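Enquirer: Sequence:
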Amino acid sequence: MKRRWLFWIPVLLWMGLIFYSSAQPYKKQDMRSDIEQYVNVEFVKEHFSWVSIDYGGGTPVSIANKGVGGFIEFFLRKGAHFMVFFMLGSLTYYAFHRSGYSRKRCFIYALLFVAGYATFDEIHQWTTGDRTPMWQDSLLDTCGGLTGIIISNWFWNRKRS
Numbered sequence: 077m078k079r080r081w082l083f084w085i086p087v088l089l090w091m092g093l094i095f096y097s098s099a100q101p102y103k104k105q106d107m108r109s110d111i112e113q114y115v116n117v118e119f120v121k122e123h124f125s126w127v128s129i130d131y132g133g134g135t136p137v138s139i140a141n142k143g144v145g146g147f148i149e150f151f152l153r154k155g156a157h158f159m160v161f162f163m164l165g166s167l168t169y170y171a172f173h174r175s176g177y178s179r180k181r182c183f184i185y186a187l188l189f190v191a192g193y194a195t196f197d198e199i200h201q202w203t204t205g206d207r208t209p210m211w212q213d214s215l216l217d218t219c220g221g222l223t224g225i226i227i228s229n230w231f232w233n234r235k236r237s
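Sequence positions in the sequence shown follow my numbering and run 77 to 237.
No wet-lab data here; the hints were simulated from the structure.
From a predicted model like this one, the values you see are computed outputs, not experimental measurements.
Glycine included, every Cβ here is placed at the ideal spot set by N, Cα and C.
Hints may contain errors.
Claimed, not checked - Distance ranges between label pairs, derived from CB positions:
hint, residue 1, residue 2, range
1, W81, D130, 19 to 29 Å
2, W126, S175, 45 to 55 Å
3, W230, P136, 29 to 39 Å
4, Q100, L188, 20 to 30 Å
5, V117, T203, 31 to 41 Å
6, G133, G176, 40 to 50 Å
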């Protein structure tokens, strides 16, 4: 087990991917026009115009406020936040697990690691032009990481039995 550090390489690579993505200004990640080009706008308006979500205390997220492209992009972005940190949580739990920590410590350390990186990610976005850091995103990231940790914990417990 001299090579336990090898299990941290995927974690570091994934963190680098998150960091790179956070460093991109919104203009480079804007998907609204592409979404509206490939989605049936009338269908979305007809079936989802009633949806209005208060996220971040600003203008509610709705088709009326953001348009169809902005409305769908909101859910894609938040889903991406969740899934990217889900993966970070899974990778981090696995790295702690392979480093010889107990299940309880793996769980706690991985959760603290993910929550810390989620916070760092929002601070990093604050320094990036045309990005809006939100504590709600940090919470969403942490929930994604926690879900990944829970599933990894379940998987390794099941495999052990």
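Enquirer: Hint by hint, say whether it matches the structure.
Expert: Here is how each hint holds up against the structure:
W81 and D130 have their C-beta atoms about 44 Å apart, which leaves the hinted 19 to 29 Å range violated. Restraint check, W126 to S175: a C-beta distance of roughly 49 Å satisfies the suggested window 45 to 55 Å. The hint said 29 to 39 Å for the Cβ distance between W230 and P136, and at roughly 36 Å that hint holds. Range check, Q100 to L188: about 27 Å between beta-carbon atoms, so the 20 to 30 Å window is met.
Checked against the given bound of 31 to 41 Å, the beta carbons of V117 and T203, roughly 35 Å apart, stay inside it. The beta-carbon spacing between G133 and G176, approximately 44 Å, falls within the hinted interval of 40 to 50 Å.
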